[in-house]
Structures are given as structure tokens and as C-alpha cells.
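A.B. asks: Below are the chains, spelled out letter by letter.
Number of protein chains: 2
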Amino acid sequence: MVSEKLTQRKENFAKWYEEVVKKARLCDYSNIHGIYVIMPYAYKIWENISKNFDHILKEDGVENAYFPLFVTESQLKREASHFNGFTPEVAWLEEKSGEEKIAIRPTSEAIMYEFFSKWIESYRDLPLKINQWCNIVRWEIKMTHPFIRSREFLWQEGHTAHATAKEAENYALEALNRYKKFVEDYLALEVVSGRKPESEKFPGAETTYTLEIVMPDGKALQLGTSHFLSQNFSKAFGIKFKTKEGNSDFVYQTSWGITIRLIGALISIHGDDRGLVLPPKIAPLQVIIIPTKNEKQLLNFAKEVEKKLEKSIRVKVDDDSLHSFGWKLNHYDLLGVPIKIEIGEKEINEKELTVVKRNDSTKIRIKFEEIEKIPKILEQIQAEMFEKAKAYLKEKIVEVKSYKELEKNLKEGRMCKISWCGSKECEEELSKNFSLRVITDEKPFSEKCICGKEAKSVLYITNSAY
Amino acid sequence: MVSEKLTQRKENFAKWYEEVVKKARLCDYSNIHGIYVIMPYAYKIWENISKNFDHILKEDGVENAYFPLFVTESQLKREASHFNGFTPEVAWLEEKSGEEKIAIRPTSEAIMYEFFSKWIESYRDLPLKINQWCNIVRWEIKMTHPFIRSREFLWQEGHTAHATAKEAENYALEALNRYKKFVEDYLALEVVSGRKPESEKFPGAETTYTLEIVMPDGKALQLGTSHFLSQNFSKAFGIKFKTKEGNSDFVYQTSWGITIRLIGALISIHGDDRGLVLPPKIAPLQVIIIPTKNEKQLLNFAKEVEKKLEKSIRVKVDDDSLHSFGWKLNHYDLLGVPIKIEIGEKEINEKELTVVKRNDSTKIRIKFEEIEKIPKILEQIQAEMFEKAKAYLKEKIVEVKSYKELEKNLKEGRMCKISWCGSKECEEELSKNFSLRVITDEKPFSEKCICGKEAKSVLYITNSAY
Chain A
1 MVSEKLTQRK
11 ENFAKWYEEV
21 VKKARLCDYS
31 NIHGIYVIMP
41 YAYKIWENIS
51 KNFDHILKED
61 GVENAYFPLF
71 VTESQLKREA
81 SHFNGFTPEV
91 AWLEEKSGEE
101 KIAIRPTSEA
111 IMYEFFSKWI
121 ESYRDLPLKI
131 NQWCNIVRWE
141 IKMTHPFIRS
151 REFLWQEGHT
161 AHATAKEAEN
171 YALEALNRYK
181 KFVEDYLALE
191 VVSGRKPESE
201 KFPGAETTYT
211 LEIVMPDGKA
221 LQLGTSHFLS
231 QNFSKAFGIK
241 FKTKEGNSDF
251 VYQTSWGITI
261 RLIGALISIH
271 GDDRGLVLPP
281 KIAPLQVIII
291 PTKNEKQLLN
301 FAKEVEKKLE
311 KSIRVKVDDD
321 SLHSFGWKLN
331 HYDLLGVPIK
341 IEIGEKEINE
351 KELTVVKRND
361 STKIRIKFEE
371 IEKIPKILEQ
381 IQAEMFEKAK
391 AYLKEKIVEV
401 KSYKELEKNL
411 KEGRMCKISW
421 CGSKECEEEL
431 SKNFSLRVIT
441 DEKPFSEKCI
451 CGKEAKSVLY
461 ITNSAY
Chain B
1 MVSEKLTQRK
11 ENFAKWYEEV
21 VKKARLCDYS
31 NIHGIYVIMP
41 YAYKIWENIS
51 KNFDHILKED
61 GVENAYFPLF
71 VTESQLKREA
81 SHFNGFTPEV
91 AWLEEKSGEE
101 KIAIRPTSEA
111 IMYEFFSKWI
121 ESYRDLPLKI
131 NQWCNIVRWE
141 IKMTHPFIRS
151 REFLWQEGHT
161 AHATAKEAEN
171 YALEALNRYK
181 KFVEDYLALE
191 VVSGRKPESE
201 KFPGAETTYT
211 LEIVMPDGKA
221 LQLGTSHFLS
231 QNFSKAFGIK
241 FKTKEGNSDF
251 VYQTSWGITI
261 RLIGALISIH
271 GDDRGLVLPP
281 KIAPLQVIII
291 PTKNEKQLLN
301 FAKEVEKKLE
311 KSIRVKVDDD
321 SLHSFGWKLN
331 HYDLLGVPIK
341 IEIGEKEINE
351 KELTVVKRND
361 STKIRIKFEE
371 IEKIPKILEQ
381 IQAEMFEKAK
391 AYLKEKIVEV
401 KSYKELEKNL
411 KEGRMCKISW
421 CGSKECEEEL
431 SKNFSLRVIT
441 DEKPFSEKCI
451 CGKEAKSVLY
461 ITNSAY
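Chains as they are written, first to last, in the working numbering: chain A, 1 to 466; chain B, 1 to 466.
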């Protein structure tokens, strides 16, 4: 473990991020550009995210399956705008004589829907709700960053088919709100949710819903999307069903996904100058018990504390004799472990525990017999982190009413809200210089759009995006 | 669901297998040769296998991570025999100008060990125990079969690094025995375990250990392998460590894997003329409750039974009104659900349950208040299935003492044991016509090998292998 201090976040966020990823051993860089290893500690975070979210999906009756990594060119071409949208970043296999050109999945609509057309016969087969956890390949031309943008990444992609447009559209929104609730409850992240402007929609979607955050450096980060696909794909892939009335219709579809990028968001939003700060619900280790010295009496008491906690909490004693107490404190701060319990002679004599909260460095002393308070403190940390993330986003977002104000605030690293007309011309104009992130349900806060036309909605804009 | 009967297993095993896979909706065929979809029911089996095995790995201190799908040609070439062994079935990406030729992982030694050389510094970092659950691509030229051999498959690959040869060799055996125990305990499969003859070793391994079964058609199926890699890879990848004594040495390594092929083994060994027979421990559904008619009174009682069971058991009531009672019985037999509980008027009047065991079709009547017997019956089924698998394998294997006997028995679909000399010439000669599967620790049962030389070990042979 490297011991030098991290670059300060405020000084250079990108450098800080890179250092945290490296020093906390979250990612390692391969010799292929934009390809990373997810190291054990980060993978544990991903396991906690995926396990919890998978449970939520199953509660809703979504079934997991596994579809091929590969898709033929003709299959990928079936929905034209989808193909055109993904073509620049598709990785192709070396052609074999006699075989059709084969691509690696950049997403699985074109792979799954061929099968849906075989599996769906009647309204009785609907809604069909399928999900897969898998790797995805997009041969990015953009700048890559560990967890945030990589040429291969892990994700979950859900795909549903419905009998009516209304039901599908509702489900796409439900899926978005399920993500919102999940990132709030588990990752303690506050997001802006709404729909994408036309120019930012998923290739092949009728509507794309999105969760957005703004990073400390002012760039936007899309955290999850949900698409109402209408009949765009079902018509291309011939996914027909027999209606209750005995007619034939094409199904209405949705697709939605979240990725390991969530880990990038966790690092970026919650982290501080000492390293990671992990929300207790998904922290690989929730409590670390550190004896001040490596002495038997202290270790015994530490083990006793561990034993009391281990049934309900992910807890460990650091009994390593190589490193000093001070080194250990820094190390677990770097790893973002929510609670440190320090055990010294004083603690043993007074049968008390010194509990240090990672999120705000406060120290609490509790009696050994009050140890059942620890889970409560973890809950408190989770809640405090969410409040802090809310306050952060609130501070980062500013309402602007003129183009000049917009430019100035974006340059200063803020996310801007404008009352928006929603016209095509205005969208084209704005997207020349800025990144148009999300249109929300909020009422316009002024009568006119910054272009002068009547305002109809609210649009969030950043200078650029990851 | 198709309702025609299955082909009889004895009549045509390959056809029976294909029909079960299709009718029980386990797999679907893509338009790329040898590429399949793992459908939800089969994926649930895989989830139960992987979840349970992952838990066992974690108990041993193995940590999960995720390594790239891609490897550059030069990386793959570092260990020469490894590269030569895998080259014929490697899938390559279309070359991009200015980038090195890139392959899709056929296994991850060449990908992971580059990182191990960075992560391992001293004996304190050993043993390193890393595992990943991922997809693997081998562009097979051989015949493909769903679950058994496909161009893309899911697996778990474990990789360890140790300070001494002894420790690594022991760990490779431990990993094999862990697989053996797992397939026995969870999949109720009896296997032959031992090491591979020289010509059948993993490319780059010093010793390859294997679990083998013989299929009803007489072909062998390798279920899992564990390799002692010695320093073959650590020297190629420069994985050095500082010893306790302050010297520098290359680590000793192991790698080991099991795949979705385990599902193919489950289908093949436990199945019968009515379809799947699944071991309760990994069955997606352990108990199905089927009312004889779709009447409220029966449904209510069924729900009551479900409620009593659902805390400890994967159970469902089939309250579908579309299909007949008879259709349902056949359907859940096809799916291999371990226990059917039939609920009719008689059962309600007598407050009794009719319990039908899938594995041997026996009917048991138990009082409603004895419902806690159900988990016991599931355990009994698991044990009976294992006993049956043992008896099956015992019957399939025959000891032979002459070449003539060997030929005759292999032709008749048996697996043969010979007392073996272990010589290179004999191995070459035998492997011209047969598939040499595994060398065990058993004592030779005759003094001479079938080639006439002195027997030193026991070798298992089949006519061919999947």
C-alpha cells in the first residue's frame, strides 16, 4: 500500500480520482487502451450492488437469462437507427470465410429480440420480463476512465415486452424510478431524473429516461437509463402476439440498464481528501476493529467485539503486526470503511468502545453492553451521506435565465437549469456548445426560454459529460 | 409447451437430450453455429450452482475479481505451449490499424498473470487466491451441444499463487476435491477423479487433475479440471516474490474451473423418459403444488400448504386455469421438479397431502400437520439420486485385461479401466483409437498392462468424449 497523501480533490479532481482508484486497489490498467481489471475490493462493491438489485428485480417477477456475446451484422442492422447509433463503437470479430460478419454486443436488443419473436405467441406470454448480468463491449473513441467509461464494462440490462403502449411506457418509468430509489437507498446518491432531449435518446428508442448527476469538476455523469422502445424493435424483429380479442399486434417494449459506472459515482460524490467514503449498505467491510497495539489483551477484546457484531454486520479485526496503528487508521480511511472501532487500554479498562465515523470523523464512545447501537450508527451514516449528497447536488445546480448566465455558470463547473421551449432549433443551438442532460417534470421557473420562445419544461445542462 | 412424448433415452440418447433441452425451455439456438441462449429456467439452475459454489470459495478465502475479456497476441504467446494449445480455437478481433492483434479470452491465465506480476511482491502476499465468474469464447471446430460444448460458455476460473511447489500442488488437489465434494453433495453426481495422461493435459500445466463421468451413450464428459502449473507461467510472466529468507523466487501456481457443462451432466445422468430429474439442492423449484381442479376450496388449501413451506423451500402453487391437471403433472415432470403435492377433495376431507417423488414416482401420503416432513423428503430424494448415480457409474465401468476386451466394451458404450504401464509408447498407441480420460490412485488389478509391460496405475478409457 502506498502511503503518500492523496492530491486534494479541489485542487485536481481527475488526479485525485486516479489516485484513489490506484491506491485503494480498485482498478488496474491493462495494456489495451480503455480496458481495466476490477480488483477484489471494487468487485465486492459490485457484488453488493448487483446482489441487492437482483433481489429487487426478482421481487418484480423479472427473470434472469444469458444471451450470446455475439450478434451477426444483419441482425444488428435490423433496426436501422439502432445500428447507425452503435456502429462507430462496435468491435467486430475477424471475418472467417463462409461465416457472416460478427459483432460483440454493444447492448443486446438486436440479440434478444430475435428470440423474443420465437418465445412470445399470445397475450398470455406478456408481459415478458427478462434481465441479464453480463459484460458489454464498446470500442470507445472518447476518453476512458476506470469505472466511468471503459471499452468493456459490466452491467445489468432489462428487457420487457407488453401488450399495450401505455403499459410499456409506464413500465419504462417504473424501471427508472426503481433505479432512482435504489441509488438513493443503497448508494446514498441524489440524482436528477427525467427524460433525454431528442438528440440524446438511445438509438431506436421512442423515449429515453435518465438519472443524472454532476461531478465535482462540473461534468455530467449519466447513472442509468430506461427506454420506452414502443414498437420500433418489435416491428423490425417481427415480435407479434395474439391479442385477447384474437387479433395480431406487435409488442411494445422497454429496455433499461445500470453499470459498474455506479462505482465511479460512489467514488466521485462521496469521496474526500482521505479517500473513499462508502455507504454502509454496499461497503464490503462495514466495521473495522483496530487495536492500538498488537497485544494479546487488546486483540482478545477486539475479537470479543467482532464476535458480537459478525452476525449482522460485515466486520473484521485488523490483527496484522506489520503496520502501525496510525498507518491502519489511514488505510481504512482510504478504503472508506464506514466505522472504525479503536481498542486501547483505556477502552478495556472502562469496557467502552471508541467508534469513529468515516463520513464526518466524529468519535462516539459507547459502553460495550450498548454494542447493539452499531447497526444504528451504520444506518445513521447511510442517512447522513444521503443528506450530504443532496446538499452537494443542490449547491451544484443553479437556475439561469440568460445565455450569458448559462455560459458563466457552466464554465464555473455548475449544472444549469433553464426554463425551456423544447424546440428543435433551440436544442440544436444549445447542443453545439453544451451537453443537454435531462428534461424534468418541474414547472418552468420563467415564462420564456433563453432563446425567447415560450418555456414549456425545465432542461438541465452541463458544460460537458463523462 | 409442446405436449408430444419425448424420444426414449435408450432408443436415441442424443435425440432425447436435444428434445429435453428444447421442451423444458433450457436453451435456444442462435443463428451463429455453436452459440446458445441460456433460458431462465436453466439460468436459475446455474444461479443455484454458482451461488452455492461461490459461498464455498469465499469460505476458503478466495476473492472474486473481474479481468478483461481481451488479451493481446503477444501476451497470449508468452507461455508457448499454452498459446499453441489454444490457438486453433481462439477468436480474434478485426485488426485495427496501429493496435496489436487482440484475442477474446479462451481462458485467463495469460490475462491475469500479467497483473499477478504487479500485485505480488513478497511472501506476505501469498497465497494469492483469485476467482472470476465470466464468459469464455472458444471457436470450436468440434461438434457443439447445448451446455456441453459451445463457442461461448459461462464458467468460474480460480487462480492461485503460492510460495512453494508442494503448497501449490496440494492446493490443485484440494481444488479438485472441492469440486468432487460439490458435485456429489449438490448435483448428486458420482465421478471418477484423478489426473490426466500427459497427452491430455491443459496446455501449460505440469499436472492436470480431472473429474470425469461417462454419458449414457458411452462418451466421456470432463466435469471440472484443476491444474498444477508449477512455475511454467510465473517464469513466462515474471511473477517473482521475495521469500522469507530474503531471496527472490518465481511463484508456483494453480488454476481450476467448472462450467455450465455441469447442467449438461445433470440433464444427462439424472434425466429419464419423462424429462429432467433435478437434485433438490439446485432445483429452481423444489415443490410444486397442483390442485386437481381449479376450484376455490382446493386453491385455498393449496395456498395454505404453500405458506407453510415457503420459508424454507422453493415452492409454488400452479393455479393456472388454462391447462388440465394431467397436463400439469407431465409438465412438472418434464421440468424435473423434485416433489409434486397433489391436492384434491380427498386430501381436503382427510387433511392429508399426496406427495409424489419425481425421482422414483413413489406416492407418499402425509398428514397436513406432518408437513415439516417435506424438507426431509427432499433430503431423501437428494440422497437417493446420488445412490442411483453411483450405481449407474458402477454399472457403466468395467475392468478389462486385454485389448480385445477393451475394444468390445468401448464399442458397447462402457467406460473401461485398465491396469496401466504409463509408458509414452502405450499412451500414444491407445490414444490413436480411444479417449484416455483419467489416471486414478487405485492399485492396478493385474500385474501387466494390456501392452504387456508392468502395470503401475489404473487408466480409464472411453471410445470418445464430448
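In short, the hints are calculated from the structure, not lab data.
Treat the hints loosely; a few may be bogus.
Identical copies go unnamed one by one, so any copy, or any two together, can satisfy a pair.
Said to hold, decoys possible - With a cut-off of at most 25 angstroms between alpha-carbon atoms, the simulated DSS-like pairs for lysine-lysine come out as follows:
#  : residue 1 : residue 2
1  : Lys311    : Lys219
2  : Lys408    : Lys293
3  : Lys453    : Lys357
4  : Lys424    : Lys443
5  : Lys281    : Lys58
6  : Lys303    : Lys328
7  : Lys373    : Lys453
8  : Lys351    : Lys367
9  : Lys281    : Lys51
10 : Lys51     : Lys311
11 : Lys96     : Lys77
12 : Lys316    : Lys23
13 : Lys51     : Lys316
14 : Lys23     : Lys129
15 : Lys58     : Lys44
16 : Lys96     : Lys240
17 : Lys51     : Lys129
18 : Lys376    : Lys118
Since we're looking at a predicted model, the values are computed, not measured.
A.B. asks: Give the relationship of Lys51 and Lys311 under a CA distance limit of 25 angstroms: within one copy only, between copies only, both, or neither.
C.D. replies: For Lys51 and Lys311, both the intra-copy (19 angstroms) and inter-copy (20 angstroms) Cα distances are at most 25 angstroms.
A.B. asks: When no copy is specified for Lys311 and Lys219, does a C-alpha distance of 25 angstroms or less occur within a copy, between copies, both, or neither?
C.D. replies: So Lys311 and Lys219 fail the 25 angstroms test inside a copy (41 angstroms) and across (47 angstroms) alike.
A.B. asks: Within a copy, between copies, both or neither: where do Lys316 and Lys23 come within 25 angstroms Cα-Cα?
C.D. replies: within (20 angstroms within a copy, 49 angstroms between copies)
A.B. asks: Which holds for Lys51 with Lys129 at a C-alpha limit of 25 angstroms: within a copy, between copies, both or neither?
C.D. replies: both (18 angstroms within a copy, 22 angstroms between copies)
A.B. asks: Regarding Lys373 and Lys453, is the shortest C-alpha distance of 25 angstroms or less found within a copy, between copies, in both, or in neither?
C.D. replies: neither (57 angstroms within a copy, 73 angstroms between copies)
A.B. asks: For Lys408 and Lys293, with the copy left unspecified, which applies at a CA distance of at most 25 angstroms: within, between, both, or neither?
C.D. replies: neither (54 angstroms within a copy, 72 angstroms between copies)
A.B. asks: How would you label the pair Lys376, Lys118 (within, between, both, or neither) given a Cα cut-off of 25 angstroms?
C.D. replies: neither (51 angstroms within a copy, 40 angstroms between copies)
A.B. asks: How do Lys96 and Lys240 come out at 25 angstroms by Cα distance, when the copy is not named: within, between, both, or neither?
C.D. replies: neither (34 angstroms within a copy, 40 angstroms between copies)
A.B. asks: When no copy is specified for Lys453 and Lys357, does a C-alpha distance of 25 angstroms or less occur within a copy, between copies, both, or neither?
C.D. replies: Neither. Shortest intra-copy (51 angstroms) and inter-copy (73 angstroms) distances fail the 25 angstroms Cα cut-off.
A.B. asks: Indicate which option fits the pair Lys96, Lys77 if close means a Cα-Cα distance not exceeding 25 angstroms: within, between, both or neither.
C.D. replies: both (19 angstroms within a copy, 22 angstroms between copies)
A.B. asks: Can you give me the call for Lys303 and Lys328, within, between, both or neither, at a CA distance of at most 25 angstroms?
C.D. replies: within (17 angstroms within a copy, 54 angstroms between copies)
A.B. asks: Can you tell me if Lys23 and Lys129 fall within 25 angstroms by alpha carbon in one copy, between copies, both or neither?
C.D. replies: So Lys23 and Lys129 pass the 25 angstroms test across copies only (20 angstroms; inside, 40 angstroms).
Checked against the numbered hints above, the structure breaks hints 1, 2, 3, 7, 16 and 18 and satisfies the rest.
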